[in-house]
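Please arrange chains R and B on chain U, whose structure you already have, making use of the hints.
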Amino acid sequence: MPVRNLISFDDVSVAWWDGLYKSCTEIMARPDDYRDACRGKLLASLFFESSTRTRFSFQAAMLRLGGSLFGFSNPADTSISKGESLADTIRMTSSYADTIVMRNPQEGAALAASLYSEVPVINAGDGGHLHPTQTLTDLTTIAQTRGVIGNVTVGLCGDLKYGRTVHSLVTALAKFPNVRFVLIAPDALKMPEYMTAFMRAHLMEYAVADSLESAIGDLDVLYMTRIQRERFDGAEENVDALMSKFTLTAELMKRAKSDLTVLHPLPRVNEIERAVDADPRAKYFEQARFGMFIRMALLLDFTHQPRGIEYPAHEGEHECGNPKCVTKTELYLPKRLNADGGCGYCDKKL
Amino acid sequence: MPVRNLISFDDVSVAWWDGLYKSCTEIMARPDDYRDACRGKLLASLFFESSTRTRFSFQAAMLRLGGSLFGFSNPADTSISKGESLADTIRMTSSYADTIVMRNPQEGAALAASLYSEVPVINAGDGGHLHPTQTLTDLTTIAQTRGVIGNVTVGLCGDLKYGRTVHSLVTALAKFPNVRFVLIAPDALKMPEYMTAFMRAHLMEYAVADSLESAIGDLDVLYMTRIQRERFDGAEENVDALMSKFTLTAELMKRAKSDLTVLHPLPRVNEIERAVDADPRAKYFEQARFGMFIRMALLLDFTHQPRGIEYPAHEGEHECGNPKCVTKTELYLPKRLNADGGCGYCDKKL
Amino acid sequence: MPVRNLISFDDVSVAWWDGLYKSCTEIMARPDDYRDACRGKLLASLFFESSTRTRFSFQAAMLRLGGSLFGFSNPADTSISKGESLADTIRMTSSYADTIVMRNPQEGAALAASLYSEVPVINAGDGGHLHPTQTLTDLTTIAQTRGVIGNVTVGLCGDLKYGRTVHSLVTALAKFPNVRFVLIAPDALKMPEYMTAFMRAHLMEYAVADSLESAIGDLDVLYMTRIQRERFDGAEENVDALMSKFTLTAELMKRAKSDLTVLHPLPRVNEIERAVDADPRAKYFEQARFGMFIRMALLLDFTHQPRGIEYPAHEGEHECGNPKCVTKTELYLPKRLNADGGCGYCDKKL
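Going down the list, the sequences are from chains U, R and B.
Under my numbering, the first residue of the first sequence carries the number 1, and numbering increases by one thereafter.
Under my numbering, the first residue of the second sequence carries the number 1001, and numbering increases by one thereafter.
Under my numbering, the first residue of the third sequence carries the number 2001, and numbering increases by one thereafter.
Here chain U stands alone, though its shape is the one from the complex (with noise of 0.2 angstroms):
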């Protein structure tokens, strides 16, 4: 099935995934071959919120196919406070792009935006609800590294609570056979029951583990998280010697599989010790180049579908309590729920 907006990776197939990842590899082996690929083309990167790594990636994702540029880092830049809806906003934008990428605090406003485009959206993060571009880098990047994305045990340590990476990730690895999890946190950060109940109902298995020591042996593949300090409400008797047991050192990475995969979707603070980045096994840096190719690939696919619009029809008022929600300042959204009844903008339920 041709997709025309990538909101979230919950709606892809595998195939649509395998044949992103087959171009991918192509671009990767002859990226000279495709220096004009997009000549002509024009992507409008709108930052409603700031970014640096998943902006900077787009963008070198775009140049690097010929094409072009234009937009905002900053909405602090723009004119946009001048009352006018997002649905105007994207509609003129439209008018001038061949794809549109865009982040926003709200939740739900990249499918909303993408109702009102004459041509594809990609959500690069609304708020803290989805962000299928970074799941698509993961994704790259273990392909590349393991060969295939199934037959796997990943470690997943950090902060499994508030993560979006992680539970992105999560869900898009329920489409690969034999995914078996190790969940490394603290009580406080641990990963939530909606999660092990998405695990448990798609038949992947998890262990639970208190520590990166008792966990690291085992493990294919390590997603190392960020954790917040402000996460702990300080009931917490020694902050940093909990911190210490979610860190990855060198020392610990002598435990480690010989071809295990350390990733990390940046910005890395303190949780990965500096002295690891020389390790081969250290991907994240590499994950970042990733990311950049399949961005290269969604670009070359979106930017050449046609331009067209279908306005929504307008079911009634759309009610959401989630104050984070799009439907809560663009008041003319249609009506529209999920495959769980919930909210069909930020997924909450109603």
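Rather than coming from a laboratory, the hints here were simulated on the basis of the structure.
On a predicted model such as this, the values are computed, not experimentally measured, just so you know.
Glycine included, C-beta positions come from ideal geometry on N, C-alpha and C.
Do not take every clue at face value.
What the hints assert, rightly or not - Derived DSS-like pairs (lysine-lysine); straight-line CA-CA distance at most 30 angstroms: (1) B:K2328 to B:K2022; (2) B:K2257 to R:K1328; (3) U:K245 to B:K2328; (4) R:K1254 to U:K335; (5) B:K2022 to B:K2175; (6) B:K2254 to R:K1335; (7) U:K254 to B:K2335; (8) R:K1335 to U:K328; (9) R:K1324 to R:K1348.
What the hints assert, rightly or not - Footprint (simulated), chain B over chain U, 3 or more residues, beta carbon under 8 angstroms: (10) 57-63; (11) 254-268.
This is chains R and B only, laid out in the frame that chain U set:
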């Protein structure tokens, strides 16, 4: 007569417009033939005041011609605060660029800039004074939807007192035959006397209406503008009821001609009901796209002009009482009068 | 010797300069031959401190070679505040780019960045420390206007105490034969003793003058710099009268040689009277254009170097007492001394 800078639409002839529009239609018909037309050319995009629509339109126009851009979208990103004069900033920028497009809150700033530039300067808005490429956009849309620009009844609705784009459109349309106006505005925001005097002087008929409902049936073109609540002084009993008389609804569209063209410079807030968007007579989003194409035609011409500068002679101090005039901060500017003996920069009476 | 990064002009040989300048003259002679020379190449432009002139110059240089850019012009637009180290920001950025140009308020930041980059790094200013591409610009302008760089009497006028560009120019000119200086500055802003010691050590003659009037007749090159009022401590009776002695006027130009070259790094405020601009000996705006061409030569070289990184060994903690040194915040930086035993990053004495 060749046009070196585009500061005011008043400066150009109908013959120049005809040539520009012809080039625009050729670009629209065969855009791929033009995707390298500005290869190797650079546009400096200097936005001393933030803008989304105009900036995006110029960026997309230049990039679709295969050209490139540099500049700033927010003066806070620059080091211009180090005390450099506008003349020096322009002189320096023009040494890198092939054309300069500039928005500046000071009236007359684009004209002042053009005196110190080695390359053509395009005015993308100088405060509340002029915005000639919006006028190009409006004329292009009328020409595209009606075939010709003259022989037309144009309704102007909303804020006719402060609306810069409306005044520019009226003066531009004076160059075309058989243009009639219907002026549809609340008392507090009616067309200024000097503009109706201009219509009389140019033998353009006009009628006055106190609601959109009473006028819409007669119109070939309806130019909608935003009314800002702050414009009312509180004397009006019911601002909501008043504003509703100048709001375009799907209901009202039923009374309009079948070939009406609805325009709006954007951003739209509430003055056009969202349900109108799907009406094929609503052309305000296509208008944005036409604006990109006519700017392509303009940039194609301007970026291929030879580099050169002739410093203005200093003929004594210029004095203007308008606090928003560029001459209030750029004290070195040469004395200059307009055709009416007013300030040659901001056009205010001396 | 090939040059991998341009951190300080001191690091390069005259032979390297000669090659770069030759490339520059070829680009100036046939710019169209180079408009695809960097096609498919990406420059990351990281301005941690705002800059107009230097940023525009690099952007124009890269774009005129057919290359592309990404980056930021204002650190507020980035998410670097999330606590990422400079090393990681650079490592990530270098995975997308072919060369990095960076301005940063911390002294030694560009050198530190170069240790963690897969691609060449260009220092576009590290606080008050170094700005080697301004020196390239100055040398190019002297070579273009005089044919050779040596055999010349150079007047340095204005703020010789804090003027980073002046100090860099002096150390650069030490590589060329028969350079004499006239130091023209108020007492409070005279050339520091370590710089005059440098001149003596390199057998460069210098004289001192207390006004531009007394010195101008002897000069082949006059390098003007901006004096900031805040530099005076109030002890001077009449700052205006004092500053006027270091102001270049059209009147003074009558006493200068017919082949004088007047330079200024820009921005100019009042230290050069505007009436001088039209004098053919005033080269400060052409200097800006020459700066673009020499940066084209530099980018042409750097963007074609192979990708690679050799992580620095950690040889114990670096300690430097300079609060502006990059090592005060980037605590992981390896110990490093300069040739004089000072800090290897900011060059201050330890």
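Restraint check for K2254 (chain B) with K1335 (chain R), where alpha carbons must lie at most 30 angstroms apart: holds, 27 angstroms
Pair hint K254 (chain U) and K2335 (chain B), alpha-carbon separation not exceeding 30 angstroms: holds, 27 angstroms
Pair hint outcome, K2257 (chain B) versus K1328 (chain R) [Cα-Cα no greater than 30 angstroms]: Answer violated: K2257 (chain B) to K1328 (chain R) is near 37 angstroms, above 30 angstroms.
Would you check chain B against the stretch 254-268 of chain U, counting CB to CB pairs closer than 8 angstroms, and say if three or more residues qualify? holds (count 3)
Is the coverage entry for the stretch 57-63 of chain U by chain B consistent with the three-residue Cβ rule at 8 angstroms? holds (count 4)
For the pair supplied as a hint, K2328 (chain B) and K2022 (chain B), is the alpha-carbon distance within the 30 angstroms limit? Cα-Cα ~40 angstroms, so violated.
For a C-alpha distance cap of 30 angstroms, please report whether K245 (chain U) and K2328 (chain B) respect it. holds, 28 angstroms
Restraint check for K1324 (chain R) with K1348 (chain R), where alpha carbons must lie at most 30 angstroms apart: With Cα atoms ~10 angstroms apart, K1324 (chain R) and K1348 (chain R) stay inside 30 angstroms; holds.
Given the proposed pairing of K1335 (chain R) with K328 (chain U), does the C-alpha separation stay at or below 30 angstroms? violated, 54 angstroms
Has the given pair, K2022 (chain B) with K2175 (chain B), been kept, meaning a C-alpha gap of at most 30 angstroms? holds, 17 angstroms
Sort out whether K335 (chain U) lies within 30 angstroms of K1254 (chain R), counting only the CA atoms. Satisfied, since the Cα-Cα distance of roughly 27 angstroms is no more than 30 angstroms.
In the structure shown, a violation is registered for the earlier hints numbered 1, 2, 8, in ascending order.
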